[in-house]
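A.B. asks: Chain residues, written in single-letter form:
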Amino acid sequence: MSSIEVNGKSYETDEEGYLVNLADWNEDVGNYLAKTESVEMTDQHWEVINFLRDYYNEFQIAPAVRVLTKAIGKKLGPEKGTSQYLYALFPYGPAKQACKIAGLPKPTGCV
Amino acid sequence: MADETPVAVAPAPTSVPPAAKPAEKPAEKAKVVAPAYREFPTIPVLKIDSMVESNPYVAAAVHNESVGFPGTLVDGWEQKAVAKMGELLGKYRSLKVYMDSCVHCGACTDKCHYFIGTGDPKNMPVARQDLMRSVYRRYYTLPGKLFPKLVGARDMTKDVLDDWFRYYNQCSECRRCSVFCPYGIDTAEVTMAARHIMDSVGHGQKYSNEILGKVNKIGNNLGLPGPALEDTLLGLEEDVKDDTGVDVKYPLAVQGAEVLLVTPSADFFAEPHIESLIGYGKVFHAAGISWTLSSYASEAGNFGLFNGDYNMMRKVAMRIREQALELGVKRIVVGECGHAWRVAYAFWNTLTGLGNNGTDKFSVELQKQLDPRYKEPSHICEFTWDLIQQGRLKFDKEANDSRIITFHDSCNVARGSRMGDYAGGQFDIPRNIIKAVANNYVDMALETTREKTFCCGGGGGVLTDDLIELRVKGAFPRMEALQQVVDKHGVNFMATICAICKAQFTKVLPYYGFNMRLVGGVHQLVSTAIRLGDEQ
Numbered sequence: 001m002s003s004i005e006v007n008g009k010s011y012e013t014d015e016e017g018y019l020v021n022l023a024d025w026n027e028d029v030g031n032y033l034a035k036t037e038s039v040e041m042t043d044q045h046w047e048v049i050n051f052l053r054d055y056y057n058e059f060q061i062a063p064a065v066r067v068l069t070k071a072i073g074k075k076l077g078p079e080k081g082t083s084q085y086l087y088a089l090f091p092y093g094p095a096k097q098a099c100k101i102a103g104l105p106k107p108t109g110c111v
Numbered sequence: 001m002a003d004e005t006p007v008a009v010a011p012a013p014t015s016v017p018p019a020a021k022p023a024e025k026p027a028e029k030a031k032v033v034a035p036a037y038r039e040f041p042t043i044p045v046l047k048i049d050s051m052v053e054s055n056p057y058v059a060a061a062v063h064n065e066s067v068g069f070p071g072t073l074v075d076g077w078e079q080k081a082v083a084k085m086g087e088l089l090g091k092y093r094s095l096k097v098y099m100d101s102c103v104h105c106g107a108c109t110d111k112c113h114y115f116i117g118t119g120d121p122k123n124m125p126v127a128r129q130d131l132m133r134s135v136y137r138r139y140y141t142l143p144g145k146l147f148p149k150l151v152g153a154r155d156m157t158k159d160v161l162d163d164w165f166r167y168y169n170q171c172s173e174c175r176r177c178s179v180f181c182p183y184g185i186d187t188a189e190v191t192m193a194a195r196h197i198m199d200s201v202g203h204g205q206k207y208s209n210e211i212l213g214k215v216n217k218i219g220n221n222l223g224l225p226g227p228a229l230e231d232t233l234l235g236l237e238e239d240v241k242d243d244t245g246v247d248v249k250y251p252l253a254v255q256g257a258e259v260l261l262v263t264p265s266a267d268f269f270a271e272p273h274i275e276s277l278i279g280y281g282k283v284f285h286a287a288g289i290s291w292t293l294s295s296y297a298s299e300a301g302n303f304g305l306f307n308g309d310y311n312m313m314r315k316v317a318m319r320i321r322e323q324a325l326e327l328g329v330k331r332i333v334v335g336e337c338g339h340a341w342r343v344a345y346a347f348w349n350t351l352t353g354l355g356n357n358g359t360d361k362f363s364v365e366l367q368k369q370l371d372p373r374y375k376e377p378s379h380i381c382e383f384t385w386d387l388i389q390q391g392r393l394k395f396d397k398e399a400n401d402s403r404i405i406t407f408h409d410s411c412n413v414a415r416g417s418r419m420g421d422y423a424g425g426q427f428d429i430p431r432n433i434i435k436a437v438a439n440n441y442v443d444m445a446l447e448t449t450r451e452k453t454f455c456c457g458g459g460g461g462v463l464t465d466d467l468i469e470l471r472v473k474g475a476f477p478r479m480e481a482l483q484q485v486v487d488k489h490g491v492n493f494m495a496t497i498c499a500i501c502k503a504q505f506t507k508v509l510p511y512y513g514f515n516m517r518l519v520g521g522v523h524q525l526v527s528t529a530i531r532l533g534d535e536q
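Taken in sequence, the protein lines are chains A and B.
Going by the numbering used here, the first sequence opens with residue 1, and the numbers climb by one from there.
Going by the numbering used here, the second sequence opens with residue 1, and the numbers climb by one from there.
These are computed hints drawn from the structure, not numbers from a lab.
Where is the CB? At the ideal position from N, CA and C, for every residue including glycine.
Treat the hints with care, as some may be off.
With a straight-line cut-off of 35 Å between C-alpha atoms, the simulated DSBU-like cross-links for lysine-lysine are [unchecked claim]:
1) 106(A) to 31(B)
2) 74(A) to 217(B)
3) 106(A) to 206(B)
4) 96(A) to 75(A)
Covered stretches of chain B, going by a simulated chain A footprint (3 or more residues, C-beta under 8 Å) [unchecked claim]:
5) 265-275
6) 473-484
Working from the sequences, and respecting the hints, build out all of it.
C.D. replies: As structure tokens, then:
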């Protein structure tokens, strides 16, 4: 197992850099993980991250890409409710990259 | 690993001969570059050990144990691996024939997309098989026992195991090489046996084993729990209503529905997969056939196939049988998923059906319950094509006029199974559907389609980020063929019927300078053009 160190505290991650314990997450850890992904966090990024975490708390899984785009569209306007918008924020794919920054497990399977 | 996220790089322009790649500096190691297209499809120049660094993650103990394998490499694994090989050779006569019958004629060498894309000689199918064959000779043939060096026999050592792990995880079990083998040797079966042996001694691959654990626990590869599935489906109903004004339902666990649809869980989650799911629902709606999805059996894809463990495959398949019995459905239809259809078509009967045990009362019960007028199981393409032929579906083909479409045959449908009632139906039926719902269709080069189709580069348990270099390079022959029809006909939509193909192409298309949205499902096209009937 690997680990990362943020503000002098050590957090366990898996081989791919996803947090092992979801409860370990806080904004500083999120910022740190974003840096490892070369993602410059802005308010728009946090909107998505916060939505992901809320959804996960309710359903124990990250939302489908479509659910995510719809929710973002409702909140920020239809022009932002597209997967292109999400890919612009998280170039390696909104599901995997945003989940990692949000401290959630990686979606697996044929995705 | 995190800071090594691959960066998409546009491919070199066409007809530039492949140049020798400069040695990569460590900092650039993660930068995966698509190979340059070839002017003529020549055999690649050998690049010895070019993929020696390509290793998937070894499964953690928790993942191995969740599917019943030892957590880590066991003591005395060498003997145990050899013994397991003996067990498989005894059980599967085919494996022994494959080990014995290769004459090293070389017909398979340049047929593998991974060899074409990487140039690593160990990605020649014959060389990949020989990783196991050499060990087989050492322990299971007389010359190999007496004079190992003379016959290229090797002891089972850690170096050999490492090579197995590397190169048996660089095979997508697509079986294209088998089409060209004069002896019909099925490399996929060899790869499955090798992975099975590695699993049995505690050296599994993370991607597949983690996912199999999730199926056992939650019911699908994604780990999507029931409430989330329900929420997603309700959202879809809203979307389709907004879009069409029609109340198309995406029902869950409906007792007594006529059809149970099992589809890859990626259809509930990913783009463009979900567009096909929307399409299935519209087909059921327009035809007026009651149907249901199930949370318990919310996965059609069967990763048990990838490591050749039939017990695991049976366990995954059993969930579908149990659900079919419980819901009392008359028909089982399988969504757009290559490996699912292979398992459903070729294995369900002996895994969970009458072929499993003629007196098994559940099998008998299920057979009584299912409607004998239909093929069980049916592929969603067979289902839709039947309805089209009966004139029960109507389309506005011009709705697809912005698309110039080609079709990518998925390997496990093309070479592992069939549709309809004649050989080759699996090639014609999806194309027939596309032509029934759209006006602009062209095929890619014949040597890259139908039974000679090239794998997308992500099948058979390699669709994982840790193998991205393999995936990008493995997609190379398909990308070449696609580029030709893009240049010649302006193709802007490559339809396919496999969740892995869709996810893989979405990821690798940009490496070749294409838009990721160029790939989609056959039922995505159906969805665009279908008349829902309510307006008439």
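A.B. asks: Please go over all the hints and tell whether each is borne out by the structure.
C.D. replies: These are the hints, each one checked on the structure:
1. 106(A) to 31(B): 22 Å, holds
2. 74(A) to 217(B): 34 Å, holds
3. 106(A) to 206(B): Measuring from Cα to Cα gives roughly 13 Å; hence the hint holds.
4. 96(A) to 75(A): 22 Å, holds
5. 265-275: It holds: at least three residues are needed, and the stretch 265-275 of chain B offers 8 whose Cβ sits within less than 8 Å of chain A.
6. 473-484: violated (count 0)
Hint violations for this structure: number 6 only, all remaining hints satisfied.
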